[in-house]
Amino acid sequence: MKYSLREQISHFLVQYAVPIIFVLLSIVAIPLSRFSTEYLVQEMVARLARDSFLVLSLLIPIMAGMGLNFGMVLGAMAGEIGLIFITDWNVMGVQGMLLAMIISTPLAILLGWMCGAILNKAKGREMVTSFILGFFMNGVYQLVVLYGFGNIIPIKNPALVLSRGFGIRNVTNLAGIRHCLDDLFSFNIMGITIPAATFLLIGAFCLFITWFSRTKLGQDMRAVGQDQDVAGSTGIPVERTRIISIVISTVLACYGQIIFLQNIGTMNTYNSHEQAGMFAIASLLVGGASVSRATIPNVFLGVILFHLMFVVSPMAGKYLIGEAQLGEFFRVFISYGVIAIALVLYSWRRHKERERARRSLRGAE
Amino acid sequence: MEGVGKSYFGNRVLANVNFSLKKGQILGLVGENGAGKSTLMNILFGMPVIQETGGFEGKIYIDGKEVSFNSPFEALEAGVGMVHQEFSLIPGFTAAENIVLNRESTTYNVLVEAFGDRLRTLDRVEIRKRAETAIDTLNVDLHPDMCVSEMPVGHKQFTEIAREIDKKRTRLLVLDEPTAVLTETEAAILLKSMKKLADLGISIIFISHRLQEILDICDTIIVLRDGEVVREFVPEKTDLMSIASAMVGRSIQGQSQRTQEDADRTSGEIILRVENLWVDMPGETVRDVNLEVHKGEIFGIGGLAGQGKLGIGNGIMGLYPSGGTVTFDGDVVPLNDPMAPLSLGIAAVSEDRRGVGLLLEEPIAWNIIFTALQVQNRYLRSILGGLVRIRDAAAIRDCAKHYIQALEIKCVSERQRVVELSGGNQQKICLAKAFALDPKLLFVAEPTRGIDVGAKKVVLDTLREYNRKNRATVVMISSELEELRSICDRIAIIDEGRVAGILPATAPSTEFGLLMLGKVQKTRERVTA
Amino acid sequence: MGRIKSFIEAAGWPRIIIALFLLGLFVIAPFVEVRVDASISDTLVRFGMNGVMVLAMVPMVQAGCGLNFGLPLGIIAGLLGAVTSVELELTGILGVLAAMCIAIPIAVLFGWAYGLLLNRVKGGEMMIATYVGFSSVAFMCIMWLLLPYKSPSMVWGYAGTGLRTTISVDGYWIRAISDFLSFQYGKYFYFPTGMFLFFALLCFLMWLFMRTKIGTAMTTVGSNPDYARASGVNVDRMRTISVILSTVLGAVGIIVYEQSFGFIQLYMGPFTMAFPAVAAILIGGASVNKATILNVVIGTILFQGILTMTPSVINSIVQTDMSEVVRIVVSNGMILYALTRVVKVKSR
Amino acid sequence: MKRQYVIDALILAALVAFSIFLYHSGKGYTLIFDNRNITLGEKSYKAPEYVQVTLDGKGRPLEIMGGDRDIMTVMGKKHVLKVDILSDDEETVMATIERPFTVRYDGGNLLNIPAFLSGDADWNQRIELDIAPPKEEEPAQEAIPGAEKPK
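Residue numbers (the working numbering), protein chains in the order written: chain A, 1 to 365; chain B, 1 to 529; chain C, 1 to 348; chain D, 1 to 151.
Keep in mind that the hints were calculated from the coordinates and are not lab data.
Check each hint, because a few of them may be wrong.
Listed next, the stretches of chain C that the computed footprint assigns to chain B, with coverage defined by at least 3 CB atoms under 8 Å from CB atoms of chain B [what the hints assert, rightly or not]: (1) 210 to 218; (2) 224 to 234.
List time: in silico DSS-like cross-link candidates among lysine-lysine, alpha-carbon distance up to 30 Å [what the hints assert, rightly or not]: (3) 150(C) to 318(A); (4) 129(B) to 192(B); (5) 150(C) to 401(B); (6) 46(D) to 156(A); (7) 216(A) to 167(B); (8) 121(A) to 290(C); (9) 123(A) to 290(C); (10) 168(B) to 192(B); (11) 456(B) to 295(B); (12) 440(B) to 122(C); (13) 22(B) to 295(B); (14) 122(C) to 123(A); (15) 167(B) to 2(D); (16) 2(D) to 168(B); (17) 5(C) to 352(A); (18) 410(B) to 213(C); (19) 2(D) to 46(D); (20) 295(B) to 469(B); (21) 216(A) to 2(D); (22) 123(A) to 5(C); (23) 168(B) to 216(A); (24) 150(C) to 213(C); (25) 410(B) to 5(C); (26) 290(C) to 122(C); (27) 123(A) to 352(A); (28) 352(A) to 290(C); (29) 59(B) to 195(B); (30) 129(B) to 216(A); (31) 43(D) to 77(D); (32) 5(C) to 121(A); (33) 401(B) to 213(C); (34) 290(C) to 410(B); (35) 129(B) to 65(B); (36) 167(B) to 59(B); (37) 122(C) to 121(A); (38) 78(D) to 156(A); (39) 195(B) to 168(B).
Where is the CB? At the ideal position from N, CA and C, for every residue including glycine.
Make a model of the complete structure from these sequences and hints.
In structure tokens, the structure reads:
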């Protein structure tokens, strides 16, 4: 089917409304913030390395039609538990990071399986359920980390434990693995440090996703994502496929969180994971993805645009109105607003499509 | 391969159906809605609904071996393929991807060793090749890389059939009304492909309402009526008329229930006039309907499923987008506003009992009075000195009790939730809801669908009695012609969204049959012209 | 045995466990030197504070719009009313009434717009409501900084502009409703009669409303929108009314909460306030599409009871503050339970 | 199917082995180089005036005066220690001793340079580290105000 240029442009504008708004906002805000270009580029490179993996972990459930996986915080929690252990054992460097990944994988698989099973019970409202599940598991995580660690699960390193003798401190210092991956091999271009190892890992993962979508399992997931009943009637195990997609997402989110935290170097024991989910989802949506369709370019575009806004807005607010806090609130508003708008657009579009589908049933004449 | 033989003995919905089909032959299966075609096919295809409702009687043989499928997958294994009326396609996939869905060609990669076969890589080239082969077999013009969501409906149908062909085992193919959604040219292509398939040795069971098609391509034709095989034809030795009469023609004594009193009835002035009505109801499109209903009569609307008879009632009641002119008792009825016909005194009993007709989770009383409360502000009482009006619980209870008694609704109390009742009793509640409005005109759609024989009689008697006692006009819409003929004064037959003709109920059933199959006449006209 | 079983099935395991847990807490309390009378008084006060906000869930649930995670929208309207009332230096019952009078029109406006939005996204209400709530709170953070309020008791001292995070209503209308006919029994037991009367009044009005023609239509819309439409009900209008009602109750609810609590919490204060209200009504026996006033009363007592008792009792036993964790697990666990219950999917 | 299980088990085993390797090679140890006079059993060793300590031939060497000590964190147990004894003017290397060694204790290891130079087996001793709990520093990441768990 051929579309006129006009239609194509309007289609493009609708499809990429969110990224376009962000680009425009950035164009206004960057000069206001008075940041140097080098600083911003360096920040963006660092943040791209830090956040991309987390955002990528969201792609597979979208493929399987389960929407934005707010349950990725479960994976982040698993990763943090792994990090607590290696910090306690004082395993350092890349070895420490890999070890943290390995020991948190079974936990992530378990949590992912649970999450998938619960979401299968709440078909049609996966997102709100996984969202609440994230909060719920946060409670369980607190129970384990704040009361279990040092009590039931032995922790030797006193630097980790609260002064009362059990429970992990609010802030866990990850000095041992700080930047271990980023600095594995990195180089400078025009004064900008590029953490090549991290980018290699992210690149490998992108290849994995592309390859995965060409496997039988990937094909099944896309089928399940588009029409569960049809997929089921041809013999694809729908529920199992959905669970697998969530498990993969959870495990990847777990790795993503470990990569994220090795860059940060300190871990906000009880908050890091919640922000991980929220930032990742907002980034993906800013990149032009929707609840039902997301691609790898969406991820990178989204991370850059979202974080650009994030870095720039407080300073822009400060110089514009003399109130840094204003910019800070503005970016909070943006983060939530983007998710809200994306969800509204998605529901609305689905509504429209349903109507159109109905009309197409009208018969041949 | 020896002849595919199948015999099968059932009762109630299907009784003692026997037929056999040889390799490479096409069997035409015709019958009215509810004649048992779907049930028969469900049994053949091992649909779970058959097992859940207690299995079936009789035996099925394929290649001389007795088979009994517990699930559609077993049927597929045995080489029985089925193309349903509703498409089973993934919209975002291409034709090729849909054709090989869940039977994709894959190649080995090393990760399979660790994670199992689901991680095998898709072999796109091979998939395309298979799709092309299947499409070539069908001999249709269908591009394998075309996305299903962008296909015209005919191509979707071809994709479905191509999928069945691609299953190497398929030896018996069931096509359930494949031509209903196709244009003339597409249908012609499909028929040609079917012939070709038959030549390749695949047996086909072809279900259709377009009798000309059946006559054109089938080797044998079986007519089902009320769950029994009434006639078996060979196309060369028959014509449309005899098939049509076999389909609808219950023997003449079907009218014996009509009494002398019925014959003497005179109808009053016109109460409802429908002009150029169109209704956009999915699956039941009304294109251009003109009707006049007289005061005090029972007016029947019949026709095959999907021809638009249900759309008329729903359109006038404002439930689907519609246009045209509807005049009721001298007033023009505004369309697309459900409140308007209700406040003019038109009520309706919906064919979608559980979806539209009832509040399943609410008590009986509430179901009965709600519409009257909303439309006519009844069952309300003033409190706080007339400031607010709230529900009058006592009046509601009395009203509900009255109808429970009058319509013999079997229930524990008027507070029982409707979901707990049987289909027949639920239907009575729908009627009570309409009666509570005291309508001057009542639309009743498919009042006896899905309820048992005893309840059917009660429902029909109630309608008749209501018509006689209250001098209310009733428009009854039903797929069951005999039912219409037993209670209505005049019957309109709808075909392709238009009125094919209006006959008195006493007209012979073959005439109704011909009207229902009006499409056939047109086809023949075209052929002769 | 059969009756017990059917009772458990009707009430659902989580509710039974929560009720037994609360009962257990009250039984243990005296043994660990927690004063029962003080606890009961606390529970009652918190019940009164939160009741109205829980009641705000009822209309939307009944109209089939799901749980109102967008409650912060109503709360913001209430906050605007409260702040304006303080700005006008109104005190006592007059101050509270003024706050409500200002808040209600704002809430109606918000609710109307919010309702229009929700009508366009049928089926995805809950998630969107959550994020609409979140982003409106974030947006108001900007507004609290910019709005031209001047009262020295509310703005930041050093800058002279921008509202403070927490504003005390002491000296304006602290406990203006609560103290109406309230009484003190002994040292520890305080009974906020006024707040209860007010809550009871609202409950009665809600009860009444649900029995009017509109209320009946609303319930029907929630129960089966197609049936309602076929009976001449304007489905979208009913949904909008329910959202407006819910938002208005949210606004009134937060004012009741503040006058008892003594502080107006701005900025991120209302951010998560929807969750306890949602959890409370679910604990009270409501489902995602059915809720009664009885659910509200029972749920609020149970939930607030647990929130009051866990810190005091559990802390005395294990010498650790576990109330936070218990709260998170109980409230979110309850919401999760309700979401995974099988609800019939209505054909559209 | 059976084959897959075997392979899965093998992969699992490989992962476990790899973890053990990671644990050993990545575990961090605190080494305290102690350039002081020491008496071990019968023998006494005298600290040189000035030494340069290089571990595994990497990084900037530690320069330790007599009677002083310095601290270093290393990963893994096996290392090569190179000690250059420098002249007073801190320029001429008077002697170089290079020897592989294995870290003996978890936590703190007190490494006595004079004993090492003389080849005494007891040069690596255990030491209790007095690690002060770190200050509760603010994490470097941006926090969204109020993005905490629901109340």
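Status of the hints after comparison with the structure:
1. 210 to 218: Since 5 is at least three, the answer is holds.
2. 224 to 234: Holds, because 9 residues of the stretch 224 to 234 of chain C bring their Cβ atoms closer than 8 Å to Cβ atoms of chain B.
3. 150(C) to 318(A): 22 Å, holds
4. 129(B) to 192(B): 23 Å, holds
5. 150(C) to 401(B): Between residue 150(C) and residue 401(B) the Cα gap is close to 65 Å, so the pair fails against 30 Å, i.e. violated.
6. 46(D) to 156(A): Violated, at roughly 37 Å.
7. 216(A) to 167(B): 18 Å, holds
8. 121(A) to 290(C): This hinted pair holds, its Cα atoms lying about 19 Å apart.
9. 123(A) to 290(C): 19 Å, holds
10. 168(B) to 192(B): 21 Å, holds
11. 456(B) to 295(B): 25 Å, holds
12. 440(B) to 122(C): Violated, at about 36 Å.
13. 22(B) to 295(B): 55 Å, violated
14. 122(C) to 123(A): The given pair, whose Cα atoms are some 15 Å apart, holds under the 30 Å limit.
15. 167(B) to 2(D): 29 Å, holds
16. 2(D) to 168(B): 29 Å, holds
17. 5(C) to 352(A): Status violated; Cα separation ~46 Å.
18. 410(B) to 213(C): Distance ~28 Å between residue 410(B) and residue 213(C) Cα, so the pair holds.
19. 2(D) to 46(D): Violated, because 67 Å separates the two Cα atoms, which is more than 30 Å.
20. 295(B) to 469(B): 13 Å, holds
21. 216(A) to 2(D): 21 Å, holds
22. 123(A) to 5(C): 28 Å, holds
23. 168(B) to 216(A): Roughly 20 Å between the alpha carbons, so the hint for residue 168(B) and residue 216(A) holds.
24. 150(C) to 213(C): Distance of about 45 Å is beyond 30 Å: violated.
25. 410(B) to 5(C): Status holds; Cα separation ~27 Å.
26. 290(C) to 122(C): 17 Å, holds
27. 123(A) to 352(A): 21 Å, holds
28. 352(A) to 290(C): Roughly 28 Å separates the two Cα atoms, so the pair holds.
29. 59(B) to 195(B): 28 Å, holds
30. 129(B) to 216(A): 17 Å, holds
31. 43(D) to 77(D): With a Cα-Cα distance of about 27 Å, the restraint between residue 43(D) and residue 77(D) holds, given a limit of 30 Å.
32. 5(C) to 121(A): 24 Å, holds
33. 401(B) to 213(C): Roughly 21 Å separates the two Cα atoms, so the pair holds.
34. 290(C) to 410(B): 27 Å, holds
35. 129(B) to 65(B): 34 Å, violated
36. 167(B) to 59(B): Roughly 25 Å separates the two Cα atoms, so the pair holds.
37. 122(C) to 121(A): Holds - the C-alpha atoms of residue 121(A) and residue 122(C) are around 20 Å apart, at most 30 Å.
38. 78(D) to 156(A): 23 Å, holds
39. 195(B) to 168(B): 18 Å, holds
Consistency note: the structure conflicts with the earlier hints numbered 5, 6, 12, 13, 17, 19, 24 and 35.
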